[in-house]
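Trainee: Respectively, the protein sequence lines represent chains A and B. To convert, note that position 218 of the first sequence is 218 in UniProt numbering; the numbers rise steadily by one, no gaps. To convert, note that position 107 of the second sequence is 107 in UniProt numbering; the numbers rise steadily by one, no gaps.
Worth double-checking, as some hints may not be accurate.
Within a straight-line C-alpha distance of at most 30 Å, the following computed DSSO-like cross-link-like pairs (lysine-lysine) qualify [unchecked claim]: (1) A/K401 / B/K14; (2) A/K108 / A/K137; (3) B/K36 / B/K80; (4) B/K135 / B/K14; (5) B/K14 / B/K108; (6) B/K135 / A/K269; (7) B/K135 / A/K262; (8) A/K372 / B/K36; (9) B/K143 / A/K247; (10) B/K108 / A/K380; (11) A/K372 / A/K247.
Per the computed footprint, the stretches of chain A lying under chain B, defined by three or more beta-carbons under 8 Å from a beta-carbon of chain B, are [as the list claims (entries may be wrong)]: (12) 153 to 159; (13) 215 to 223; (14) 235 to 246; (15) 379 to 390; (16) 417 to 426.
If you are wondering where the hints come from, they were derived from the structure by calculation, not from laboratory data. Keep in mind that this is a model prediction, so the values were computed, not measured. Ideal Cβ placement from N, Cα and C applies to all residues, glycine included.
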Amino acid sequence: MATAPTSTTTANGNPSAADWQDRYHHVDQVLDRPGPRTDPSFLAGDEVKAFLRTSCKILVIGAGGLGCEILANLALSGFKDIHVIDMDTIDISNLNRQFLFRQKDVGKPKAIVAAEFIMNRVPGVTVTPYYGKIQDKDDDYYMQFNLIICGLDSVEARRWINATLVNLVDPENPESLKPLIDGGTEGFKGQARVILPTVTSCYECSLDMLNKPTAFPICTIANTPRLPEHCIEWASVLEWPRVHGDKRLDTDDPEHIGWLYKIALARAKEFKIEGVTWSLTQGVVKNIIPAIASTNAIIAAFKIATSSAAYLNNYFMLIGTDGVYSYTFEHEKRDDCPVCGGQALDISISKEWTVDRLIEMLVEKQDIQIKKPSLSTATKQIYFQAPPQLEELTRPNLERKVSDLVENGDHITVTAASLPFNLMVRVTYV
Amino acid sequence: MKKNEDAAAKKKPKTSAAQIRVQKDLTELELSSTMKTHFPDPVDLLNFTLTITPDEGMYKGGSFNFSVNINTNYPHEPPKVKCTQTIYHPNVDLEGNVCLNILREDWKPVLNLNSVLVGLQYLFLEPNADDPLNKEAAEELRKNREQFLHNIKTSMKGGNIRGVQYDRVLVQ
Ligand SMILES: [Zn+2]
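The following block holds chain A by itself, in its conformation from the complex (with noise of 0.2 Å):
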């Protein structure tokens, strides 16, 4: 009696039963009353509240198996606005972690069921479901949110989006700094990380503590195959080139796995290796992660949208393999990650510089202690140091105008021995 009801609509147009009574009680023992570890910005009753049930739009990338649970959670805990972006569509191999799939929605898209089923289960909240890949996206899509949750099972998506959210990042505009949590499993062991880009370490800075994808020595895999892995790679990394030549293996094409799958068995038959299967298949090829659980990505998330807590600093590591080990330590930013790293510098110079001019620039100013610069664009190189054949093509444009290569407000990325990664140069004419 004493809360306001909210009248938020669904997605569905049934007016929400949404907050009845004492619906988020548990929720609320947390955000009517700061605790002992809650960040001193974070004021406590109905305003963070309304942030949280109304306001508050967030992204879900990914709907595998930590994106079900995530969903599930951010829907459960009151979050109201809710994006997810999946590009797969539902196998039967995922109904056994992957709750809200069932067997009829097999083939449909991730993201749409998904989206349905939390609809339908959780009343008042949206899901706004993207069938499709991230990349599809651009920036001002990522704008919208305020916080960005990925249950991704690959690297190169991370390290995307990741790139994205520095990048989108504007000293001038605090609403762009978009915080991303991300989760990640393998098997018994799971870790949650909370990135604020540009403030504190991105995934990139810590893409060498990452287990590297299995590989076996090739003379292993050619000569003495022991496991069923050794007869996979056997199949996707010398039969696959040997027999289809440059054709490119699509390990989202069915047809390719079912190939190799079959190519696989017959090898492992051969040398009596038992467990060669079709998902262990595509597992090896993709390098799939499997995943369990997910928890410590939604808590993070709660606390970060809300301030209720003191948030995640860094990264959390749980290995579960032998009992149960939890860690959790701040890694540290790197000066020499290529994505959050790297020095920016504003100039402004005349249209009628030639490049050769904007390297004796470089060269000459003493903060950046820059030797044998070389520069390109997103698009092309504008002069390379190295190799001979680079550097005897791109020695022509010494002489041109900087202004005929690079558009007003565009990025020259600059890399050189000296520096540590690379310097990011956004040019503006005077």
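With chain A held as given, fit chain B with the ligand onto it using these hints.
Mentor: Same frame as chain A, but now just chain B with the ligand:
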């Protein structure tokens, strides 16, 4: 109108982390006189050819070509390297696959293209009979070094060894 321009500006390609890393690696390559890179499409830095012409050791006098393909997940994943000729070498099979640890199981993101080049060059100085991809060549190296050296000479001239036709790879 202005809005369309803004939208176009936002859709502009960005330099990816892999691209920056490749630029850094390439422009800092220490190419000795025995190594040369060739970019068939110079705009595309991710795909190129490497030619090694050993000036010492048993493969001296040959010129060996490798294709190097880097994907957008570099340096999380190693570059893919293949020999584009049919050569007689214990660690290179007839399809051009190369058995070099840093190209697969021992790859780390701190390694770079220079490490790969050094590794490949080393293969021609010290062929390794313990990690065979061409089993017959490895067997010969282990058991009959004289015959192995003779086979290298024959193969480099484009000869036939035990029914396998090798490519002529002598420096012109
Ligand atoms: Zn970073």
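Trainee: Could you check the structure against the hints above and give me the numbers of any it violates, in ascending order?
Mentor: Hints 4, 9 and 11 contradicted; others consistent.
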